[in-house]
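Colleague: Take the sequences, apply the hints, and build the full model.
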Amino acid sequence: MEPQTDTRTGAAPEPAAALAAGQVSRWTRLSAGFTGGLGVVVLLLALVPVAMGATLVQDLTTLLILVLMATMWNALAGYGGLVSVGLQAYIGLGAYATVWFSLQGVDPYWGMVLATLFCAVVALPLSFLVLRFRGAQFAIGTWVVAEAIGIYVGLDNQLGAGTGISLVQLDSYATSTREHITYWLTLALTTFFSVIVFMLLRGRLGASLQAIRDDEQAAASVGVRVVSAKRILFILASAGCGAAGAMTAANILFVQPTAIFSVNYSAFMIFMVLVGGIGTFEGPIVGAVILYFIQQQFGNDGTWYLIGLGAVAILFAVFLPRGLWGLLEERTGLRFMPLGYRVRRRARELR
Amino acid sequence: MTWVNDVVQGILLGGYYGIIACGLALMFGVMRIINLAHGDIAVLGAYLMYLLLEHWNVSPFIALIPVLPVMLALGYVLQRLILQRSLRSGVLTPLLATFGVSIVIQNALEQGFGPDVQSLGGQTGSLVTAAWQINSQVSIAALSALIFGAAVVIYGALQFFLARTAAGRRMRAAAEDPDTAELVGIDSRAVYARATAIAVGIATIGGLALALRTTFSPYAGPDQLIFAFEAVVIGGLGASLWGALLGGIVLGVAQTVGAQINPEWSVLAGHIVFLVVLVSPRGGLLTLRSGGGGGARAALQRLRAS
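Here the protein sequences come in this chain order: A and B. Quick note: the first sequence, position 150, residue 447 per the working numbering, numbers continuous. Quick note: the second sequence, position 211, residue 233 per the working numbering, numbers continuous.
Just so you know, these hints were derived from the structure itself, not from any lab. Note that this is a predicted model, so its numbers are computed, not measured. We put the beta carbon where it would ideally sit given N, CA and C, even for glycine. Don't take each hint at face value.
Claimed, not checked - Some chain B residues near chain A, calculated using beta-carbon distances under 8 Å: (1) I55; (2) S111; (3) L114; (4) A119; (5) F121; (6) E252; (7) V289; (8) L300; (9) S302.
Said to hold, decoys possible - Some residues of chain A that are not near chain B, with every Cβ distance over 12 Å (derived): (10) M349; (11) G378; (12) E444; (13) W481; (14) S518; (15) R522; (16) N548; (17) L550; (18) Y589.
Modeller: Next up, the structure:
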């Protein structure tokens, strides 16, 4: 076994001599296996509706939506340093845009795709507004935007105003067909956005973002376009949350302004990412699975369930800010997804 | 002519927003933290007074006397136990921690008191109904005037504390540069804990104002937090201490005038004014755009006793 040193861009740089002597690589046997394994998991998930019952399909749809939300919140906070308490704006917009497109006669499933694009379009001008905020101000500034959009949508009588509206257009599909298409579309969108995040972070943007995270002013001084890097992430996260909102509407067939624009979505996203591991690709997925099982187990306990979620979030923020996956990577030194670079040195040079 | 009354009522409402915003601005100025549980803490204070008044037939103002020290202690503990630890991993971790605190407080309040709305307005006797009729259009409610007066007193007292007392000077020093402050013997953690205690104490007074002028429920906190934040940003993000009160007044006027146009637009009008101020080149009524929160520290600095 060759000794390995992790040099994710954020870690301390290796001496140039070691770099010259060593071999720089992204892929290790482990990370190639793990990435391939994830691909196989996606393929197996695609086959679930063929082989399994309706309950499992619906449960997995819920889980995939959670994975998508967590991945998007993490892309923004974990890589862009932009902690938002307002992504529910796009969850709500995605759901309501789906209803709106369906009312215009568009097939609801195409409506969901259009709603995702719509959220990206809306996020562009809004990014000029909220990216003026830094740090904690961004969190609550985006929340105000979400509140304003929620109130505005709630005043629209065509969209059912405050009482909400059903996605009746989906009734044209037979129940099992509908559940299967909803599941496949959720799987496709979750995979799509995860791959986009993965590709972006491996490319130039990933390097820029890590430079920004470490020192924004220094990054700007060497030519990193700080604001445009953040804007790309913001629009991506908004579109992803729009997709999550559209799929939520398809999954529960009913949208209501205070529920779909609820800040509780932010609470769930923060919980998943904080527990799973902020700034890691795998952490949000782990967090989503954990939240899913907690919801299955305790979701009916109302206030105590939420008190527990809040308390666990506090404990993780105070004692384990890198989350479970961060802890795992720290303890084992393993990297499962090839996002950074590693230097493989020859043993004799280590002394 | 009704708009004259709207503006007057809006200014008075701004006094309440000023009180709620004051602690948020103080914590942001000293520690660069935005406490997402700020609104919930105000509501928690209101519930503690409600709890006392259930067993003790006195005025809500008397109930504030035992509740205030409890809340000050709570603020101190909040800083020492949660915020200080999470501050070690950057300014964003306290944000996540306070969001957790917010969820715990809201749901603990619902667990303890149920989801019903409560009010303390009925227990103040004639104060709730008393009003001065200025002319046929404009009348000033005694309670609104009292809350506005309280806001002015709180801001004045805080300015005096920061500018004229030794503890205030230490707080400004720790806000300006905690490391250098440590060098001259200031325990910045103790100063931070004191600032949090003061912020929580002022939020408790805000909670009393909320409970007197309207109703509150376990989930009323987030709205109060958002209004407080809007007031702070409209006022120029700590460009000056009084900016938050001015921002609160602008927000209050926006809401009452908006409600006059269409009752459903009240809160929305406030949000829109907030967003408009945000896109304006100066980005805040009193800011000189010194970049993010730099203004907050500069402002505390400018309060230096002359």
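Colleague: Look at each hint and say if it fits the structure.
Modeller: Status of the hints after comparison with the structure:
1. I55: 7 Å, holds
2. S111: 4 Å, holds
3. L114: 5 Å, holds
4. A119: 4 Å, holds
5. F121: 6 Å, holds
6. E252: Holds - the Cβ of E252 of chain B comes within 8 Å of chain A, reaching about 7 Å at its closest.
7. V289: 6 Å, holds
8. L300: 6 Å, holds
9. S302: Nearest chain A Cβ about 11 Å off; hint violated.
10. M349: Label holds. Min Cβ-Cβ 34 Å, cutoff 12 Å.
11. G378: Check fails; 7 Å does not lie beyond 12 Å.
12. E444: With a cut-off of 12 Å, E444 of chain A comes too close to chain B, as the shortest Cβ separation is near 6 Å.
13. W481: It holds; W481 of chain A is separated from chain B by about 34 Å at its closest Cβ, greater than 12 Å.
14. S518: 15 Å, holds
15. R522: 18 Å, holds
16. N548: Check passes; 24 Å lies beyond 12 Å.
17. L550: 26 Å, holds
18. Y589: 18 Å, holds
This entry does not satisfy hints 9, 11, 12, going by the numbered hints stated previously.
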